[in-house]
Every structure is written in structure tokens, then in C-alpha cells.
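Student: Listed below are the residues making up each chain.
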Amino acid sequence: MSGLSSKHLLGIKSLIPEDIELIFQTADNFKEVINRPIKKVPSLRDLTIANLFFENSTRTKLSFELAEKRLSADVINFSASASSVKKGETLIDTVNNILAMKVDMVVMRHPNPGAPIFLSKHIDASIVNAGDGAHEHPTQALLDAYSIREEFGIVKGKNIVIVGDILHSRVALSNIFCLQKLGAKVTVCGPPTLIPKYIESLGIEVEYRLDSALAKADIVMMLRIQLERQGKEGNQVNYFPTLREYHQQYGLTMERLDRLNHTPIIMHPGPINRGVEISSSVADSSTSIILNQVENGVAIRMAVLYLLAS
Amino acid sequence: MNNARPILNRIQIDIIIKRLCFQLIENHDDFSNTVILGLQPRGIYLAKRIHKELNEQHADLSIPMGSLDTTFFRDDFRRRDSPIIANKTQIDFNVEGKRVILIDDVLYTGRTIRAGLDAMLAYGRPDLVELLVLVDRRYSRHLPIEAKYVGTTVDTVESERVEAKWDESDGVDELILKEQNKA
Chain A
9 MSGLSSKHLL
19 GIKSLIPEDI
29 ELIFQTADNF
39 KEVINRPIKK
49 VPSLRDLTIA
59 NLFFENSTRT
69 KLSFELAEKR
79 LSADVINFSA
89 SASSVKKGET
99 LIDTVNNILA
109 MKVDMVVMRH
119 PNPGAPIFLS
129 KHIDASIVNA
139 GDGAHEHPTQ
149 ALLDAYSIRE
159 EFGIVKGKNI
169 VIVGDILHSR
179 VALSNIFCLQ
189 KLGAKVTVCG
199 PPTLIPKYIE
209 SLGIEVEYRL
219 DSALAKADIV
229 MMLRIQLERQ
239 GKEGNQVNYF
249 PTLREYHQQY
259 GLTMERLDRL
269 NHTPIIMHPG
279 PINRGVEISS
289 SVADSSTSII
299 LNQVENGVAI
309 RMAVLYLLAS
Chain B
20 MNNARPILNR
30 IQIDIIIKRL
40 CFQLIENHDD
50 FSNTVILGLQ
60 PRGIYLAKRI
70 HKELNEQHAD
80 LSIPMGSLDT
90 TFFRDDFRRR
100 DSPIIANKTQ
110 IDFNVEGKRV
120 ILIDDVLYTG
130 RTIRAGLDAM
140 LAYGRPDLVE
150 LLVLVDRRYS
160 RHLPIEAKYV
170 GTTVDTVESE
180 RVEAKWDESD
190 GVDELILKEQ
200 NKA
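Taken in order, these protein sequences are the chains called A and B. At position 164 of the first sequence the residue is numbered 172 (my numbering), and the sequence of numbers has no breaks. At position 78 of the second sequence the residue is numbered 97 (my numbering), and the sequence of numbers has no breaks.
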């Protein structure tokens, strides 16, 4: 049996559907492992993995670190705010210095789109993209699709609506690629200013009214408004008048869901801005699988690291 | 590929399974503290047969049975060309303080059993672990591991492969010996 088609996980775009299926199958086994009394396996005990986070992260970093530790890998953590990057070191120099310490794998988050792809051309170690700017966030898309598969048994043919700041979202792009490869129908919804031009060319539908998008949704994936990507202080671009108005137009509330004659599953990659894109009552409702996503994140990341190390 | 030599047929396997069950009954009395663990992927078929036979011998027995995958505990990870794909582990009980009968089809180098022992410890510390195999390939062990209950023993060379086929997966019950890597 063969492994993944690539030695890196740079994005979903470069994966083939068989890769995704293999990751899911492996994640099934790791999900069982992380529910054992002893949650650790020795598979990666001779490996050292560097988590290079050039951008802030809480759950992705924790999730990767937990996945690495449950596979018995040695882990070193790096965050840009406390490093020589501030002293002017280039990305390749930083990474090569870390690799000189005999690191076998790199998990990297970077604010610049394409940074992991660039790096993969210059170093030998396997690279896992943990989010690069507004480009891709492959493990998030994998865990989202895995959670849908867990909920419905199959992803193919499901209608998934992604709502919110599509323009700045790497989660949206990776999910579009991933869900399409698995045969799902994807619709994006948000204010016209936050929907990239020509996004229909990816083979997805665009809906500007949330209620019409929800009417056909089996799964609703809510995204956060990425205020940190909307320009620097004093030089901000206003994509919508106020957060309050955004909530009125695109916030997912119980009232909206009650108007539907079906009950879609609610997902959110986190962090949640309660009262903006989603109300607390929806986020905490029984149809929300937000915390399942977090649990599945560890299993998916274990599967990715295990398969790339093979 | 037609280089397979039969070692055991269906009737012989049935007799062996019955005999192994009698040996287990001798040692485990009422099985009140015993659990059965079949090793994935091929040991589970023998484990199910043993479990079924024990239940037929003693209808009042209810012995917990699970399947244990050793993939993540193997010692040849990253030493092979392709990844080892895992199988399902299903253990709905704790092995803490239990008498465990670990079951596999073929005992060869002993490395799978070593991995199985490690994998099992994630579910607790058993009182006792015994190994039951359908066939023991003698003189080929890489580790100090021996089975307590052995169906049959064969002497083989490294280029040969011993394969247990099961009705459930292969449509036939038989034990065969064949040359490896011959088209």
C-alpha cells in the first residue's frame, strides 16, 4: 500500500482524493488512540519536529503540539515575536539554523501566502503548512471534512455553505478545494466586499443573502471576521459599516435557524466572535459540532504527521 | 502463483481449534477474569473462532473479546518504503488485572507480538498474558517470545511464507506454505 503523493503538506490543492481518504482512514485509528486510557503511541519517537509560528495561533499550535507529543516526537517551539526574525534574519536562514540542529519536520505558520511552498524548494525536511496568510490552511480543511464525514458518513453530495470573510480566509480556500475533491457542493456567502472577485471560477456558488444560502445547507461553516487582515490602524479598509450591521445581515442566530424547515449542522474553525458571526445560543446548541472539530483536529494532525514521516 | 503447499486443511484446523480450546479451559477454569485479544489484521479470525468454540463448549461463558492493532507500536516504522496502514483497534474493556489470551495466526520473528504487548499496555496492566497461535515457525525468532498454546509447528526457511487463510476473508480455511516473491 502506498503513502501520500507528496512529502509535504503545503495545501489541499496539491492533494489527490486518495491522499485525503488515506489521511481520514489513518485519523480514524488515531481517534481511537486518543480515547484510550494511555493516549500515546511511540511511532515518531526518533523524530524531532519544529513548530515555527511566525503568526499568532492558539488552537492550531496546541493541536499540532499535542499531536506530535502523542506520537512521541520531540518537539521544539518557535514563535516569531521572541526570535531573531525581529533582528532581521531571513526565513531561509532561520529555518536552516533550526534544521542544522537535526530537525526532521517543520510545521509552519506564516503571514505570507506561499511561504511554505517557497521553503519546500530550499530545504529537505518535510513541511506541514499550518496556515500561510490568506492562502491555505490544509489541516483545518481536512479536520472540517473529517468532521462532516463523521457526522454524515459521507461528504459527497452534501451542500456546504461557508459564511463570512471569504476574502481573507485561508480556511475557506482550503475547504473549497477539499470539499470539492470529496464531491461536495460548496456555496460561499458574505457581503460582496468580502467575497473575492471571480471566485465562481473555482466551481462554487456565491450567495449574498444568508437566508437563501441557509435554505439549501446541510452544513453551515461560519467564519470569523479577520479584523487583523483589514489594514493597519489608521489605514483600515472598511468592508462593512459596523460589526453590529454585519451581525444583522450575516450573523447566524437561532431565529434564522428556526425559520428553516430543516436543521443544518453548524461548524466554526475558531476563534469564535460570539455575537458577531454567530450567536452564543447557536454556537452552544446541539447541532453545533465546533468542539468535535477541535477533537478531530488532533487525530487529523497525528495522521498527517504519521503519514509524512513514513 | 502456484507454489503453495498445504500444511493444514479445514478439518485439521477445526480439530486444532477444539484442542486449543480444551487447553484454555484446563488453565482458565470459568474464564471469569479472562479476556481474549486478537491481533490485527489476521489474528482476529482465529480469535473469533476460539471465542465461538469456547462459547459452544460452555454456553454460560461470556468472555470479553477485542481486536488490537499493533501498527503504531511496530519497530520497523520509517524503515520501510511505504507507510504501514493501521487497522481498527476495538477494546471495550480494561485489561487491568485481567488474564489476557493474546491470539495471532502465525508466530514468526516475534516482533508483532512484542508490538502487541506494548499496544495492550495502553489499556491497563494485566495480571497475566498468554500467547496462542495457530502456527509457530520454529527457529526464526528475533526476540525471546514463545507461545503457550500452539496449533502446529513448522520448520521453514526465510524465503518461505506461511499463510493462514480463513473462510471469512479468503473463502477457505487452510494453512499454506509458499515461496516468497515468486510470480
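A couple of the hints might just be wrong.
[Said to hold, decoys possible] Residues of chain A clear of chain B, computed beta-carbon distances all greater than 12 Å: (1) 34; (2) 50; (3) 80; (4) 86; (5) 131; (6) 167; (7) 212; (8) 226; (9) 255; (10) 264; (11) 279; (12) 281; (13) 293.
[Unchecked claim] Derived lysine-lysine pairs resembling PhoX-like cross-links, with alpha carbons at most 25 Å apart: (14) A:15 to A:110; (15) A:48 to B:117; (16) A:129 to A:164; (17) A:48 to B:107; (18) A:39 to A:69; (19) B:37 to B:167; (20) A:95 to A:39; (21) B:71 to A:47; (22) A:39 to A:205; (23) B:167 to B:117; (24) A:77 to B:117; (25) A:110 to A:69; (26) A:77 to A:95; (27) A:21 to A:48; (28) A:15 to A:189; (29) A:164 to B:117; (30) B:71 to B:167; (31) A:47 to A:69; (32) B:107 to B:117; (33) B:107 to A:39; (34) B:107 to A:47.
Treat the hints as calculated values from the structure; they're not laboratory data. The model shown is predicted, which means the values in this text are computed figures rather than measured ones. Glycine is no exception: its CB is placed at the ideal position from the N, C-alpha and C atoms.
Student: With reference to the structure, classify each hint as holding or not holding.
Tutor: Against the structure, the hints:
1. With a least beta-carbon separation of about 6 Å from chain B, residue 34 of chain A fails to lie farther than 12 Å from that chain, contradicting its non-interface assignment.
2. In this structure residue 50 of chain A is not separated from chain B by more than 12 Å, as the shortest Cβ-Cβ distance comes to only about 6 Å.
3. The beta carbon of residue 80 of chain A is not kept farther than 12 Å from every beta carbon of chain B, the shortest such distance being approximately 9 Å.
4. At roughly 24 Å, the least C-beta separation between residue 86 of chain A and chain B is larger than 12 Å, which holds for a residue marked as non-interface.
5. Distance check for residue 131 of chain A against chain B: the nearest CB is about 19 Å away, which clears 12 Å, and the non-interface claim stands.
6. Against the 12 Å criterion, residue 167 of chain A stays outside the reach of chain B, whose nearest CB is about 30 Å from its own CB.
7. Distance check on residue 212 of chain A: its Cβ is at least 32 Å (rounded) from any Cβ of chain B, clearing the 12 Å threshold; non-interface status holds.
8. The beta carbon of residue 226 of chain A is kept farther than 12 Å from every beta carbon of chain B, the shortest such distance being approximately 27 Å.
9. Distance to chain B confirms residue 255 of chain A as a non-interface residue, since its nearest Cβ pair spans about 44 Å, more than 12 Å.
10. Interface exclusion of residue 264 of chain A from chain B stands, the closest Cβ pair being 40 Å apart, more than 12 Å.
11. Listed as outside the interface, residue 279 of chain A is consistent with that label: its C-beta sits roughly 31 Å from the nearest C-beta of chain B, beyond the 12 Å cut-off.
12. The Cβ of residue 281 of chain A lies farther than 12 Å from every Cβ of chain B, with a closest approach of about 38 Å, so its non-interface assignment holds.
13. At the 12 Å boundary, the C-beta of residue 293 of chain A stays outside the reach of chain B, the nearest C-beta of that chain being 30 Å off.
14. Between residue 15 of chain A and residue 110 of chain A the CA atoms are separated by roughly 18 Å; this keeps the pair inside 25 Å, and the hint holds.
15. Distance hint between residue 48 of chain A and residue 117 of chain B is fulfilled; the C-alpha atoms sit about 22 Å from each other, no more than 25 Å.
16. Distance restraint check for residue 129 of chain A and residue 164 of chain A: the Cα-Cα separation of roughly 34 Å exceeds the 25 Å cut-off, and the hinted pair is therefore not satisfied.
17. Taken as a hint, the residue 48 of chain A and residue 107 of chain B pair is honoured in the structure, with Cα atoms around 16 Å apart against an allowance of 25 Å.
18. Distance hint between residue 39 of chain A and residue 69 of chain A is fulfilled; the C-alpha atoms sit about 19 Å from each other, no more than 25 Å.
19. For the proposed pair residue 37 of chain B and residue 167 of chain B, the alpha carbon gap of about 16 Å is at most 25 Å, so the pair holds.
20. In summary, the hint linking residue 95 of chain A to residue 39 of chain A is not supported, as the alpha carbons are separated by about 41 Å, beyond the 25 Å threshold.
21. Note on residue 71 of chain B and residue 47 of chain A: the hinted pairing is violated, with a Cα-Cα distance of about 31 Å set against a maximum of 25 Å.
22. For the hint linking residue 39 of chain A to residue 205 of chain A, the alpha-carbon distance of about 39 Å lies beyond 25 Å, and the restraint is violated.
23. The straight-line distance between the Cα atoms of residue 167 of chain B and residue 117 of chain B is roughly 17 Å, inside the 25 Å bound, and the hint therefore holds.
24. Note on residue 77 of chain A and residue 117 of chain B: the hinted pairing is violated, with a Cα-Cα distance of about 29 Å set against a maximum of 25 Å.
25. Between residue 110 of chain A and residue 69 of chain A, the direct Cα distance comes to roughly 21 Å. Compliance with the 25 Å bound is thereby established for this hinted pair.
26. Distance restraint check for residue 77 of chain A and residue 95 of chain A: the Cα-Cα separation of roughly 31 Å exceeds the 25 Å cut-off, and the hinted pair is therefore not satisfied.
27. For the suggested pair residue 21 of chain A and residue 48 of chain A, the alpha carbons sit about 31 Å apart, so the restraint of at most 25 Å is broken.
28. Taken as a hint, the residue 15 of chain A and residue 189 of chain A pair is honoured in the structure, with Cα atoms around 20 Å apart against an allowance of 25 Å.
29. At roughly 44 Å between alpha-carbon atoms, residue 164 of chain A and residue 117 of chain B are farther apart than 25 Å, so this suggested pair is violated.
30. The hinted pair formed by residue 71 of chain B and residue 167 of chain B meets the criterion: a straight-line CA distance of about 20 Å does not exceed 25 Å.
31. Between residue 47 of chain A and residue 69 of chain A the alpha-carbon distance is near 19 Å, which keeps this suggested pair within the 25 Å criterion.
32. With a C-alpha separation of about 22 Å, the suggested pairing of residue 107 of chain B with residue 117 of chain B holds against the 25 Å cut-off.
33. Taking the CA atoms of residue 107 of chain B and residue 39 of chain A, the gap is near 10 Å; set against the 25 Å cutoff, the hint holds.
34. Annotation: proposed proximity of residue 107 of chain B to residue 47 of chain A holds, straight-line Cα distance about 15 Å (limit 25 Å).
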